[in-house]
Structure formats: structure tokens, C-alpha cells
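Model the full structure from these sequences, guided by the hints.
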Amino acid sequence: MAEGKFVIEVLKKIGEKIEEQKEYLTELDQPIGDSDHGINLARGFGEVEKKLPTLEDKDLGTIMKTVGMTLVSTVGGASGPLYGSAFMKAGMAWSGKMEITMEEFLEGLDAAVEAVKQRGKATVEEATMLDAMVPALEAMKTAGNGAGDAKSVLEAGCKASWAGAEHTKDLVATKGRASYVGERGLGHQDPGATSFSFMLEVVKDSL
Amino acid sequence: MVGLVIVSHSENLAKSVVEFTSMMAKDAVIAPAGGLEDGSFGTSFERIQSAIESVYSEDGVIVLMDLGSAVMTTEMVLEMMEGPKIAMADCPLVEGAVIASISAVGGKSFEEILQDLDKVREMRKLQ
Numbered sequence: 001m002a003e004g005k006f007v008i009e010v011l012k013k014i015g016e017k018i019e020e021q022k023e024y025l026t027e028l029d030q031p032i033g034d035s036d037h038g039i040n041l042a043r044g045f046g047e048v049e050k051k052l053p054t055l056e057d058k059d060l061g062t063i064m065k066t067v068g069m070t071l072v073s074t075v076g077g078a079s080g081p082l083y084g085s086a087f088m089k090a091g092m093a094w095s096g097k098m099e100i101t102m103e104e105f106l107e108g109l110d111a112a113v114e115a116v117k118q119r120g121k122a123t124v125e126e127a128t129m130l131d132a133m134v135p136a137l138e139a140m141k142t143a144g145n146g147a148g149d150a151k152s153v154l155e156a157g158c159k160a161s162w163a164g165a166e167h168t169k170d171l172v173a174t175k176g177r178a179s180y181v182g183e184r185g186l187g188h189q190d191p192g193a194t195s196f197s198f199m200l201e202v203v204k205d206s207l
Numbered sequence: 001m002v003g004l005v006i007v008s009h010s011e012n013l014a015k016s017v018v019e020f021t022s023m024m025a026k027d028a029v030i031a032p033a034g035g036l037e038d039g040s041f042g043t044s045f046e047r048i049q050s051a052i053e054s055v056y057s058e059d060g061v062i063v064l065m066d067l068g069s070a071v072m073t074t075e076m077v078l079e080m081m082e083g084p085k086i087a088m089a090d091c092p093l094v095e096g097a098v099i100a101s102i103s104a105v106g107g108k109s110f111e112e113i114l115q116d117l118d119k120v121r122e123m124r125k126l127q
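Chains as they are written, first to last, in my numbering: chain A, 1 to 207; chain B, 1 to 127.
None of these hints come from the bench; they were simulated from the model.
Keep in mind the model is a prediction, meaning the values are calculated, not measured.
Hints may be right or wrong, so weigh each one.
As the list claims (entries may be wrong) - From the derived model, a few chain A residues whose C-beta atoms are all more than 12 Å from chain B:
(1) Lys-5
(2) Glu-9
(3) Asp-36
(4) Leu-52
(5) Thr-54
(6) Glu-126
Stated by the list, open to error - No farther apart than 25 Å at their CA atoms in a straight line, the calculated lysine to any residue pairs in the SDA-like style are these:
(7) A:Lys-22 / B:Gly-83
(8) A:Lys-121 / B:Leu-78
(9) A:Lys-50 / B:Lys-125
(10) A:Lys-175 / A:Ala-163
(11) A:Lys-121 / B:Met-81
(12) A:Lys-22 / B:Ser-40
(13) B:Lys-125 / A:Asp-205
(14) A:Lys-50 / B:Gly-39
(15) A:Lys-50 / B:Met-80
(16) A:Lys-175 / B:Leu-67
(17) A:Lys-117 / B:Gly-39
(18) A:Lys-17 / A:Asp-205
(19) A:Lys-175 / B:Leu-13
(20) A:Lys-175 / B:Glu-112
(21) A:Lys-50 / B:Ser-50
(22) A:Lys-175 / B:Phe-41
(23) A:Lys-175 / B:Gly-83
(24) A:Lys-117 / B:Glu-82
(25) A:Lys-51 / B:Gly-83
(26) A:Lys-117 / B:Asp-66
(27) A:Lys-151 / A:Asp-34
(28) A:Lys-17 / B:Asp-38
(29) B:Lys-85 / A:Ser-73
(30) A:Lys-121 / B:Gly-83
(31) A:Lys-117 / B:Met-80
(32) A:Lys-175 / B:Lys-85
(33) B:Lys-15 / A:Asp-34
(34) A:Lys-121 / B:Phe-41
(35) A:Lys-175 / B:Ser-40
(36) A:Lys-117 / B:Val-71
The C-beta atom is built at its ideal place from N, Cα and C for all residues, glycine as well.
Quick look at the structure:
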């Protein structure tokens, strides 16, 4: 499904997408958080982009671990340790691999979901990025088992991810800054669930 | 002496808490790790790591954090620095910093200060 060159290309496009959606993500973060999600992620992926040329001949594990470490060091908000842990754990799942299959891609995503749960001490239905990640992963596992091609698996994932992001409007946050806002957060879409959905969309569009 | 680190989203808040502890424990070994390199709000992995290194001795280091990413980023720093005697305290920042600095200057051990900070978590102000 994917080799180093493709993964690096996807990471570059994720950076572009986040930069393009920076204002929107920050706007989503304004009523329920500290208005920095877009700015923080854009800064982090900007730093990631600078490292990409040095990673071209590396295995996928090294690429992802470097990306994770860069995000932890440069994002500055909660999405740093969360996405940082997610990328690093996916990297551990792909350690030494120069190429991954769809099955291995999903194993990496599975590890990423577990990393976010553990780092954020969170689970689904708490209005976090997990409300996009978990349904997306489930949908892709189901689509993958039906031996669908990569594109249709990712299409199923993106659909579930956006539906999950939309669903965060109906949830009262119990984790992170949004939990301080409580019920006033109802009707607002979680920025983390939204940024994850954008990232998955980039993967799909790159196939 | 046990070293202390104050992690906050705000550079000024972290520095002020450190300054505030000098009121009762001016000889404490304590370092701030607040804000991002460009001065904006946030928590910096590098700042936390270098603050820990700056106060580290074999007596250990206790880190006090404000909220959210301060906690998660500190957790990751500790996982990376695996090995040395470093712990996070689960208690209010200002009260914890004052009590920890007094205890550290008073010669209490790493474990004793962590126990003191456990009690800080239960402290009430209006009772």
C-alpha cells in the first residue's frame, strides 16, 4: 500500500492541509478551548516538513517516530503530546519496514488510537479526537476485511471520521480544556476530531 | 537537596511561582519551565527537559505542573529521561510549590516531599 516516498509525500500534504485549515481549526478551538489548535499544529507540521528531506531513505518506523518527536517538541499544546504519541506508536508498529500493507497501516492506526487513549486518559464519547479516530479505524477494519481496495477502505474511514467529528457537537466534553466549558460546549465540533479527519482525508486523496 | 521544576503554559506564571517560593524558601533549587520559545502560551518539551537537568542531583527532582498539555508534555519528558529519580506531583501548583520548596530546603527526602504534596491535594481553603 505505501512505501517511504509515499509516506513522506503524505506528511508534506498533511502539513499543507493543516496550514490551509489553520484559521478554521483555531476558530473551532475558540469557544471551547484556548484558540490555538490550528496555530499549534501548523507550527508542528512546519517543523516536520523541514525534517522530511533527511528521512527519504529511512524505514517507515524511523519516519513516523521522527515526526512524532518533532510534534511533541514543537506543537506546544495538548495536540503535541497526543499526536506526537500517536505518530510515535504507529512508528513502533512499522519499525524496520520499508513498505506497509493495508493490514499493517491499520495496525499502525490501532497503535496510534491506543496511544491517544493512554496519553489523554480518554475514551470515546468524551468529545475528543478519539471520537473521529475510533469510528474511522472500525470502519476501515470492516472495509478492509471485505478485501476492498485501499481507496475504498480509506473512503469508508474518512466518512466515519467526519461523522464522528460531527457527533462531537452532541457531546459534553469531560477531558481537556473543553471540560471546563461543560454544557456550553454543546453544538461545537471538536478541533482535534476535525484535524484528524483532515489528515485521514489527505491519506485518501493521495492514493 | 531535592530539585523542583514549575511547568506552566505561561512563562510569567512559572517564573512568578518560582519567585514566590523564595519568600519562605530562598535557598530552594527550583527552576521555571513556562511557555514556548517565542514567548507564547504553551508547554515546551525542551524547556521542561532542560529545567529538570538544571536542578537535577541524586536527591531527585519533583515536577509540578499547571494543566492539560503541561501534564502530558511532562509525562513524555519523564518517559524519555527514563531512569533518573524524577516524579510529577499531583497537586495544586502554587500551594504545592510553596510546600515543596520549604520541605526541600528543610532537608526532606524525595519520598517525604511527595507524601507532603499528596496532602496538599486534599487541603481546603475555607475550613
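Cross-check of the supplied hints:
{"no.": "1", "hint": "Lys-5", "result": "holds (29 Å)"}
{"no.": "2", "hint": "Glu-9", "result": "holds (27 Å)"}
{"no.": "3", "hint": "Asp-36", "result": "violated (7 Å)"}
{"no.": "4", "hint": "Leu-52", "result": "holds (20 Å)"}
{"no.": "5", "hint": "Thr-54", "result": "holds (19 Å)"}
{"no.": "6", "hint": "Glu-126", "result": "holds (14 Å)"}
{"no.": "7", "hint": "A:Lys-22 / B:Gly-83", "result": "violated (38 Å)"}
{"no.": "8", "hint": "A:Lys-121 / B:Leu-78", "result": "holds (17 Å)"}
{"no.": "9", "hint": "A:Lys-50 / B:Lys-125", "result": "violated (50 Å)"}
{"no.": "10", "hint": "A:Lys-175 / A:Ala-163", "result": "holds (20 Å)"}
{"no.": "11", "hint": "A:Lys-121 / B:Met-81", "result": "holds (21 Å)"}
{"no.": "12", "hint": "A:Lys-22 / B:Ser-40", "result": "holds (17 Å)"}
{"no.": "13", "hint": "B:Lys-125 / A:Asp-205", "result": "violated (56 Å)"}
{"no.": "14", "hint": "A:Lys-50 / B:Gly-39", "result": "holds (22 Å)"}
{"no.": "15", "hint": "A:Lys-50 / B:Met-80", "result": "holds (23 Å)"}
{"no.": "16", "hint": "A:Lys-175 / B:Leu-67", "result": "holds (11 Å)"}
{"no.": "17", "hint": "A:Lys-117 / B:Gly-39", "result": "violated (30 Å)"}
{"no.": "18", "hint": "A:Lys-17 / A:Asp-205", "result": "holds (12 Å)"}
{"no.": "19", "hint": "A:Lys-175 / B:Leu-13", "result": "holds (23 Å)"}
{"no.": "20", "hint": "A:Lys-175 / B:Glu-112", "result": "violated (31 Å)"}
{"no.": "21", "hint": "A:Lys-50 / B:Ser-50", "result": "holds (23 Å)"}
{"no.": "22", "hint": "A:Lys-175 / B:Phe-41", "result": "holds (20 Å)"}
{"no.": "23", "hint": "A:Lys-175 / B:Gly-83", "result": "violated (30 Å)"}
{"no.": "24", "hint": "A:Lys-117 / B:Glu-82", "result": "holds (21 Å)"}
{"no.": "25", "hint": "A:Lys-51 / B:Gly-83", "result": "violated (29 Å)"}
{"no.": "26", "hint": "A:Lys-117 / B:Asp-66", "result": "holds (21 Å)"}
{"no.": "27", "hint": "A:Lys-151 / A:Asp-34", "result": "violated (36 Å)"}
{"no.": "28", "hint": "A:Lys-17 / B:Asp-38", "result": "holds (24 Å)"}
{"no.": "29", "hint": "B:Lys-85 / A:Ser-73", "result": "holds (22 Å)"}
{"no.": "30", "hint": "A:Lys-121 / B:Gly-83", "result": "holds (23 Å)"}
{"no.": "31", "hint": "A:Lys-117 / B:Met-80", "result": "holds (19 Å)"}
{"no.": "32", "hint": "A:Lys-175 / B:Lys-85", "result": "violated (29 Å)"}
{"no.": "33", "hint": "B:Lys-15 / A:Asp-34", "result": "holds (21 Å)"}
{"no.": "34", "hint": "A:Lys-121 / B:Phe-41", "result": "holds (23 Å)"}
{"no.": "35", "hint": "A:Lys-175 / B:Ser-40", "result": "holds (23 Å)"}
{"no.": "36", "hint": "A:Lys-117 / B:Val-71", "result": "holds (15 Å)"}
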